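Go ahead and model the full structure; you've got the sequences and the hints to work with.
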Amino acid sequence: MLVLITGGAGYIGSTVASACEDAGHQVVILDDFSTGRREFIGDRKLYEGDIADVELIDRICAENQIDAVVDCAAKIVVPESVEQPLSYYENNVSKTVTLLEALDRNGVHRFLFSSSASIYAPDENFIVTEESPLRPGSPYARTKFMVEMILEDFTKASDMHVLSLRYFNPIGTDPKLRSGQQLEHPSHVLAKLLEAWQKGETFTVTGVDWPTRDGSGIRDFIHVWDLAQAHVAALEGFDKATAEEHYQVFNIGTGNGVTVKELAASFEEISGDPLKVEFGPSRPGDVAGVYSVSPKAKDVLGWEAKLTEQQAVRDAIAWLPVRKEMLGY
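Here our numbering = 1-based position in the sequence shown + 44.
Simulated from the structure, these hints should not be mistaken for laboratory data.
Bear in mind that the values here come from a model prediction, so they are computed numbers and not experimental data.
Be aware that a few hints might be false.
[Said to hold, decoys possible] No farther apart than 27 angstroms at their CA atoms in a straight line, the calculated lysine-lysine pairs in the BS3-like style are these:
#	residue 1	residue 2
1	K220	K342
2	K236	K220
3	K200	K305
4	K368	K243
[Claimed, not checked] Label-pair distances were calculated between CB atoms; the ranges are:
#	residue 1	residue 2	range
5	Y373	D197	53 to 61 angstroms
6	A201	D102	16 to 24 angstroms
7	R257	K89	44 to 52 angstroms
8	G299	E369	34 to 42 angstroms
9	E174	S202	16 to 24 angstroms
The C-beta atom is built at its ideal place from N, Cα and C for all residues, glycine as well.
This is the structure in structure tokens:
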């Protein structure tokens, strides 16, 4: 299978690319390098540009027999989406519509969308399935929700078949350390733990008055390699999964909720160093969190998470010296 990965030079896209290649598939990368890194491309075929550049999409399709598209190109920082909502709606929604039109015109009709579990409305137990109510809590989450609605409608009006993977909180890195978290100052919790640990600074738990077991947010922390394997399983099972219903949603999680305080405790245990921890208010757009208990991905795609958050922490720590050598920080 020849797979076009948009955002394929980023943290998740590059890991998905490695997993696809390990499984025997070919990949083509499209990235504008707004956050992606050229160091993650290797010898993969690369097109530099925007997903809304229709002439570029036409050229990619003309020069390659694309079997499926994995769409990992999106702005993802929740507080930034609160401050710059129009930028997020333009980039995540409008440009995706343009991309879909171009793909449809070129006869590419398998579209694997990287969605987000942030679109769910958590219940009192913070547990969700694919049938749970949706209530996105930030402009970022609403962009994912809106694109899902667009995709579902489009499958009913065209030949497009779509699998939407609602994943949770990816952490860790490719176990072979070919790529990883590339941002110097990323905003997600494990990156903040790593930064505080490296610099001997204080780690701030943002939000401690959520109605969870310890007051901190609860997350379904999934190893990014497990997430990449889920993309491979979805690609390989695409036609079977969409044979009857051309739009399908899958939760990609571990089935285990871990609080931010619990992750910090695991980090201390694995690193062997005590952390300086303080508690602060939640950030704009933050939510208490959810985790998935759905067996749908296992039942339909044959995928389930195999790696723990402890393994993700170990891999993230192992990535630090590689990142410094590869990226310079």
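Hints, verified against the model:
1. K220 with K342: Roughly 25 angstroms separates the two Cα atoms, so the pair holds.
2. K236 with K220: 22 angstroms, holds
3. K200 with K305: Since the Cα atoms of K200 and K305 sit roughly 44 angstroms apart, the hinted pair is violated (cutoff 27 angstroms).
4. K368 with K243: 14 angstroms, holds
5. Y373 with D197: 53 to 61 angstroms: With a Cβ separation near 43 angstroms, Y373 and D197 fall outside 53 to 61 angstroms, so the hint is violated.
6. A201 with D102: 16 to 24 angstroms: 21 angstroms, holds
7. R257 with K89: 44 to 52 angstroms: Hint holds: Cβ distance 48 angstroms, inside 44 to 52 angstroms.
8. G299 with E369: 34 to 42 angstroms: Holds, at about 36 angstroms.
9. E174 with S202: 16 to 24 angstroms: 23 angstroms, holds
When held up to the earlier numbered hints, the structure conflicts with 3, 5 and fits the remainder.
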